[in-house]
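Dock chain one against chain two, each of which comes alone in its own frame, and use the hints as you go.
Each chain is listed here by its residues.
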Amino acid sequence: MDRTEIEKKVKQVTAKVLGVDENSITSESRFVEDLGAESVQSLELVAAFEEAFDIEMEEDAALQVKTVGKAVEFISKYLNK
Amino acid sequence: MKLIIFESDWWINLTPLSYTRPVFELRCGMYTLLERIVEKAKTRDITLFVRDYLFEYAKKNYQYAINTFSHADEDVLIVDGRFLVESDFAKDREAVYLCGDEIVYAFVKKQNAVKIEGKNLAEIIDFMKGLPHIQIDAKMMKFPWNLVHYNGEMIKKDFSHCGKKGIEGIFSPQATVKGPDDIYIAEGAEVHPFVVLDTSSGPIYIDKDVKIFPFSRIEGPCYIGSETHIMTGASIREGNTIGPVCRVGGEIEESIIQGYSNKYHDGFIGHAYIGEFVNLGALTTNSDLKNDYSSVSVYVNGKIVDTEDLKVGSFIGDHTKTSIGTLFNTGTSVGVMCNITAGGILPKFFPSFTWYVNNKFMKGFGLEMMLKTAKAAMERRKRVLSKEEEDVIRKVYELTADLRKAYIKKTSSIK
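Keeping their order, the protein sequence lines are chains A and B.
The number in this note's numbering is simply the position in the first sequence, starting from 1, with 1197 added.
The number in this note's numbering is simply the position in the second sequence, starting from 1, with 53 added.
If you're looking for bench data, these hints aren't it; they were derived computationally from the structure.
You can trust all of the hints, since none of them are fake.
Per the computed footprint, the stretches of chain A lying under chain B, defined by three or more beta-carbons under 8 angstroms from a beta-carbon of chain B, are:
| no. | segment |
| --- | --- |
| 1 | 1239-1246 |
| 2 | 1251-1262 |
With a straight-line Cα cutoff of 27 angstroms, these simulated DSS-like cross-link-like pairs (lysine-lysine) come out:
| no. | chain 1 | residue 1 | chain 2 | residue 2 |
| --- | --- | --- | --- | --- |
| 3 | B | K425 | B | K462 |
| 4 | B | K462 | A | K1267 |
| 5 | B | K425 | A | K1263 |
Beta carbons are placed, not taken as given, at the ideal position from N, Cα and C, and that holds for glycine.
Bound-form chain B, shown alone (with noise of 0.2 angstroms):
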């Protein structure tokens, strides 16, 4: 069987963290949801369809057939990137399994493969539009906050899927796990004394050669990517997924963290969802419950977005910085590239590659200062930023433009 993987118009609303990213790369529990498709659908045979400014990052970055299927001589299946697949896709019949009007996946039999052959998404789409509907209950990815709210749930079905258990890396004898054993501990992973695993609520699972310092508090369901440092005294509460190479102290509940991304210092983030190269700077908190027990909205591109949920944190993109001390507002969404220094009440929304000073938006050094800022903090932790990376976030610059003009006028200088 062949596997297409496509990203729907949807992707802009899950924004910021895909404007530099498939959908399908975002992670939920232990993996991302391409790893979960891929695992579930059993084959490697792998086409991908992404937006056109992300098609040479793609090809760069996988091994798979991008924006073009061909030999269609076998069954096929085709999926939504967003889709939280947790059992097998149903191959029994040829149709399209819709959540809503939502097009979930379709599988489509080997002898009709050829009327895709060759053809664009919008195309694709049309020939899936075109098949019997079935309707599914799904779990569909249509905002950051859908990822952050299954994620502890997600990293409790995903440990006791991949068998994996005990202790292969280093396990001081003064650390300890309170509650059952549900901890794996990678090959390389070192947990130093005075480290507490709490598996009372969920599994922790440590992937290779991370370290936890001394005093830290771990509380499962968690998953720790590798080459990930918690710093000493760090409190990871329940419900995170933190990815690869990342930097983590203070406190943290249930969030994500992309990889690659440090909040080294004090302060709280909690139901988040962060990207790659992010650095956080010393008390940078966000808030995640209003005072009056409310649902938190959030702007997604620009447009307020009631998430009918009560802990919602903060969404922030790859590269963004932020001072010490700063204090995010309930909900809020910081674009790609800001620059963000603390004052007053902050607004709930950043434009991607602003600068926010003195409560003003502002182009600040401009994109060619921040992408060499980029490649330092790349370079920091051995990753060089690739053409085609570069490219998309040159890409990014333009598509944001509009909104980032609008909001510097906003609270320009001069009025």
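For reference, chain A alone in the conformation it holds in the complex (with noise of 0.2 angstroms):
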């Protein structure tokens, strides 16, 4: 999967859990500050990005990322490993 497609996955995943206009989304958003993100969602993005790519991450480094650009990121990590 390349990055396209990774950032395409993210950004769709997130506009389900976070209830946001996938369009409204950009690399640079912040999933708390831009996208409104509560911690409980939070935790809900990290089990969707699991399921959606089929990976498994480390929840403590996972809930440090804090952009869309930078979650495309920390799951290209996995999906490459």
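Here you go:
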């Protein structure tokens, strides 16, 4: 899966979990400040990314990821393992 | 005589409570299953056989031999740790005593004891099967609700057997006993004003340094373990065993709390067994009776089992926490270290280490953060999570991984 595909999927999942318009999400969008993720939704996002990409992420590290772009990088590392 | 107490493969049916402790550490009445067996066997020469992953834990917590039986120079009594023993063991002839097809215990004469020396548990069980069979009626704890079922009856028997009665602690002149004087209040315990101890249906044993705060009503049979606090206005109905260092408020009926757990606020818990370091948020309540009065089913290790009982509450593993207002369905099983927030009709089974948030299962902050929280919770009660206990929790995390993944997938956001 290349970076564009990963980014597309990350945006789709983020839109679904946080209930925001997919088109309003950019690489720079911050989950909490810009997209309104509450702490519980951050947990949901991690679970949803794992399901969507069929990976298992380190929870502590995953919850440190602040932006959509960083999430794409973080997930890419797992997909390339 | 020597005594061997073992855990059979049935331990899995006593989960979630048995995930983090040998089955014989479970409570019923005023004692654990182990304490009962030791008392009836009348020997201190003891060997315990536990699951491999509990070996280090058992070694740290018991002064007994673990998983190795040696020096077979006396008669040997071999007992399944799930046996709720009430009378003396038969020691007149060499035999294996069975309840149906389950081994309850075996008595082995000195001259044959050498045959089990140095053997592993499977070999010892094979040896027992080769002894003459004698059928007996025995209370074998097959599932967690069995312990709850017998609890009230056992408190009554234990109270009468222990021979303690009277007040050694502080009993306020404004507190009242309703019924016969079947109470024992140990040294250091305090019963505050406007507390009612109702012994009409059974005895009440209040152990050392317990505090019963005003306006509480405690109904016998009841056992309250040392250093436990019963909070203001609590309604402690019949048939409860509350282990040491608990904080209990609200309404609780026919339940067992292993110890060190908090149910500080209002909310009803009935016909339940709650592990250690559980924290139930305010108004957490469990149903223990179905609206159609049919028998309650419970998930045991992920599979549904009919309890054939009408009154069954919840079974909650160690270190689990619930949010305010959590409402558990009848016969709910909650694993170890779960974190549950209220919302709609909750599932009847929560795999260990799951977080249940917004009606979805998830991994939450992960094991490391959960361990950190557990350490903080234990520190508040002057306990330290030992390396051995931590290793047990890590092993249980591995053991329950598949079930956890399956449930997380089931409620995934992105279906």
